[in-house]
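Undergrad: One-letter residues, chain by chain:
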Amino acid sequence: MTIQTPVALAPAQRALSVLGGDLTERSLRLHLEGLSGVDAVGLEQRAADLGTRSIKTSSKAWALDRIIELIDLTTLEGADTPGKVRSLVAKALTPDASDVTTPRVAAVCVYGDMVPYAVAALGSAHANGGPNGINVAAVATAFPSGRASLRVKLADTADAVAAGADEIDMVIDRGAFLSGRYGQVFDDIVAVKDACRRDNGTHAHLKVILETGELNTYDNVRRASWLAILAGGDFIKTSTGKVAPAATLPVTLLMLEVVRDWHRLTGEHIGVKPAGGIRTSKDAIKYLVTVAETAGEQWLTPSLFRFGASSLLNDVLLQRQKIKTGHYSGPDYVTID
Amino acid sequence: MTSFLEYAPAPESTAILNLKDSYGLFIDGEFVAGHGTPFATISPATEKHIATIANANAADVDTAVAAARRAYDKTWSKLSGADRGKYLFRIARLVQERARELAVAESLDNGKPIKESRDVDIPLVAAWFFYYAGWADKLDYAGLGAAPRALGVAAQVIPWNFPLLMLAWKIAPALAAGNTVVLKPAETTPLSALLFAEILQQAELPAGVVNILTGAGDTGQALVQHPDVNKVAFTGSTAVGRAIAKSVAGTGKKLTLELGGKAANIVFDDAPIDQAVEGIVNGIFFNQGHVCCAGSRLLVQENVHHEVVDRLKQRLSTLRMGDPLDKNTDIGAINSREQLDRIRELSDIGEAEGAERWTAECAIPENGFWFAPTIFDNVSTSSRIAREEIFGPVLSVLTFRTPAEAISKANNTPYGLSAGIWSDKGSKILAVADELKAGVIWANTFNRFDPASPFGGFKESGYGREGGRHGLAAYLTSTVLQGAAL
Chain A
1 MTIQTPVALA
11 PAQRALSVLG
21 GDLTERSLRL
31 HLEGLSGVDA
41 VGLEQRAADL
51 GTRSIKTSSK
61 AWALDRIIEL
71 IDLTTLEGAD
81 TPGKVRSLVA
91 KALTPDASDV
101 TTPRVAAVCV
111 YGDMVPYAVA
121 ALGSAHANGG
131 PNGINVAAVA
141 TAFPSGRASL
151 RVKLADTADA
161 VAAGADEIDM
171 VIDRGAFLSG
181 RYGQVFDDIV
191 AVKDACRRDN
201 GTHAHLKVIL
211 ETGELNTYDN
221 VRRASWLAIL
231 AGGDFIKTST
241 GKVAPAATLP
251 VTLLMLEVVR
261 DWHRLTGEHI
271 GVKPAGGIRT
281 SKDAIKYLVT
291 VAETAGEQWL
301 TPSLFRFGAS
311 SLLNDVLLQR
321 QKIKTGHYSG
331 PDYVTID
Chain B
1 MTSFLEYAPA
11 PESTAILNLK
21 DSYGLFIDGE
31 FVAGHGTPFA
41 TISPATEKHI
51 ATIANANAAD
61 VDTAVAAARR
71 AYDKTWSKLS
81 GADRGKYLFR
91 IARLVQERAR
101 ELAVAESLDN
111 GKPIKESRDV
121 DIPLVAAWFF
131 YYAGWADKLD
141 YAGLGAAPRA
151 LGVAAQVIPW
161 NFPLLMLAWK
171 IAPALAAGNT
181 VVLKPAETTP
191 LSALLFAEIL
201 QQAELPAGVV
211 NILTGAGDTG
221 QALVQHPDVN
231 KVAFTGSTAV
241 GRAIAKSVAG
251 TGKKLTLELG
261 GKAANIVFDD
271 APIDQAVEGI
281 VNGIFFNQGH
291 VCCAGSRLLV
301 QENVHHEVVD
311 RLKQRLSTLR
321 MGDPLDKNTD
331 IGAINSREQL
341 DRIRELSDIG
351 EAEGAERWTA
361 ECAIPENGFW
371 FAPTIFDNVS
381 TSSRIAREEI
391 FGPVLSVLTF
401 RTPAEAISKA
411 NNTPYGLSAG
421 IWSDKGSKIL
431 AVADELKAGV
441 IWANTFNRFD
451 PASPFGGFKE
461 SGYGREGGRH
471 GLAAYLTSTV
481 LQGAAL
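For the protein sequence lines, the chains are A and B, in the order given.
Read in the numbering used here, the first sequence has 240 at position 240, and its numbers run on one by one without any break.
Read in the numbering used here, the second sequence has 272 at position 272, and its numbers run on one by one without any break.
Okay, chain A solo, but in the shape it has when bound:
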């Protein structure tokens, strides 16, 4: 083995403080490879145990409302049009026309070119990253594959931010990660984070999609989660929704353990977003339980936890109506977007 000249990485602040001054590809690799392993059987068993919690009556009512408040209502189709996006925004603003007490979702999530239409449709309800109203999240960096040059990914990001996106959902370069080029993945994230900067010095929130279905092992998911946090991600997100399996409870549990450990280490809060495949209230409640019993209850807030979902909202609305009226209605009693 030859000794190679250390390759310096982009000086991301978190990495500097945790890994020390000589931030190189090698120091990053040593750190990631030194993380404790994950036992797949044990992790899946723990997730299954959390899934057996029985959430009833007042707890269930609270959970259903909170699930709505944590949703990034999503449309990511090649067939998306301004009309479809306006319809999605209308649903986000008024999830249930029959019950005005229904809370609103956290954000709408669209492709970059649809951001102007989403912003226009939201009008005064656009939160602009603030606590009131609805945010606009845009997928960027050649979503979902991420197979484009860094120049294109940065332009994609800057374009969405300029159009008014409050949150950027980027994808990591899974090819680089799987071939061990951790430094490249790291530098990409740092560069995208920089592209999230607005003229006034503020940042669009950065969610880093790991695409856990392609990373394949839990050890990889843990390493990628640490890498994304060290490089400056505000959120770590499971999936694009375009690759199966998308979000699973064990993967989300593992990512929650990482943000819990990061908080223990630094006091800093990082968000988690499972996306894809969460369709029922019952499943979503299992995620709430997992968040509360792993990272803590304070994570059950839109700035720290989101569901990337489209059909979940209507199932939650049906459950809400059931609690209110005492009987189940049907899919024609909730609106499609």
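If you're looking for bench data, these hints aren't it; they were derived computationally from the structure.
Check before you lean on any hint, since a few could be wrong.
[What the hints assert, rightly or not] As a list, the in silico EDC-like pairs of lysine to aspartate or glutamate whose alpha-carbon atoms are at most 16 Å apart:
id: 1; chain 1: B; residue 1: 313; chain 2: A; residue 2: 219
id: 2; chain 1: B; residue 1: 425; chain 2: A; residue 2: 219
id: 3; chain 1: B; residue 1: 20; chain 2: B; residue 2: 198
id: 4; chain 1: A; residue 1: 56; chain 2: B; residue 2: 198
Computed from a prediction, not measured in an experiment: that's the story for all the values here.
Fit chain B to the given chain A structure using the hints.
TA: Then chain B, alone, in the frame of chain A:
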């Protein structure tokens, strides 16, 4: 709402139970009155009366053993293995059909959380009967010698920690092998065994093949010392086990003992740490620590000691103690006042001996018997809480520096029932497992049970194996083996 984590109550309904006010002894297929003074069984979570239970005296034991002998001579030994198997399959299916009822009864009488009785105890009970039902017509091919034969009447005495599961561990292999049974459940947990007697009636098991006698220690003593018994099987404390071994010595009765334990759960610095913490919790706080194979001694490598203990405390703070029938309860009630007193006494000794005590903050209900999950850190090997079986939710934490030290500390106990090893390195797990003197060794998991896996101890943890093919051997004799012995 103040806190999502204070989940709203989700109690399992007791409406499914159809309990009688009082229960007799189950002898020769019928419930009959006992001749001892009846006693009450209570719910340890509320101290409320559940039912009055008959008490078998020596005369009742005589009647029951005679019924078992008759059933053995006239019916059970004449049946083919395939026909015995049919009865066992029928029992297994009835246990599944009545699973919810049995789970509620078990949690009510024993104090264990419903999620454990529902997801662990009762499914395993059914699994045990299914497993041994399959063996009943294949005994000639079990590698136990040519034409193995049943022993005759088996006297079985079981503990209160897994009442119905221990019953299944005892009855299923005994019947599959062709024996008849007189079984005594523990004094504090007779309920599920009596519901099981109803299942036997429902299954139309021939009268006398299984007899269930309720009572205390004297009933058990009369049963194991009965001259017409061919086999004694006991699960319980080492002290009682020793007395039984003495009393059957020289009588020709075959004996299986499954006794206490003080298992080491060894965590190496390369362990998958989050799963190891789960495994430690499951190892000692499963069933309130009322588990003979509980991982009550945590041996953790010194360089990760603080991190493991910190994470463990954080995890324990999320455990929910309370109503055993609530589906979200993780830690139920201690089974009896007597056991609670023993746990308290040993914990006080631990504190007096200088170990650092930490107890999870949780509200203790006013009535019933409760003990909050407790860790003793910096325990020395000579401390009593590192030597004696506490049989409660109390973990002793010790450290080690090298695998050799871990092995010698793990083996430094009169017991040898189980052990756990946590490491991401397979070769290390195998090398350490080779050196541990324990009957069951779990790697990167703990407290997993399967009917196909033999279970039993080294040293003072007992002898004989239950479960698997080995479990059949305890209830069979072979002409070839006997000839060799002469």
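Undergrad: If a hint holds in the structure, say so; if it does not, say that too.
TA: Hints, one by one, checked against the model:
1. With a C-alpha separation of about 25 Å, the suggested pair residue 313(B) and residue 219(A) falls outside the 16 Å cut-off, and the hint is violated.
2. Among the hinted pairs, residue 425(B) with residue 219(A) is consistent with the structure: their alpha-carbon atoms are about 14 Å apart, no more than 16 Å.
3. For a cut-off of 16 Å, the pair hint linking residue 20(B) to residue 198(B) stands: about 12 Å separates their Cα positions.
4. A threshold of 16 Å between alpha carbons decides the hint, and for residue 56(A) with residue 198(B) the separation of about 34 Å lies outside it, so the pair is violated.
Of the numbered hints given earlier, the model fails hints 1 and 4; all others are met.
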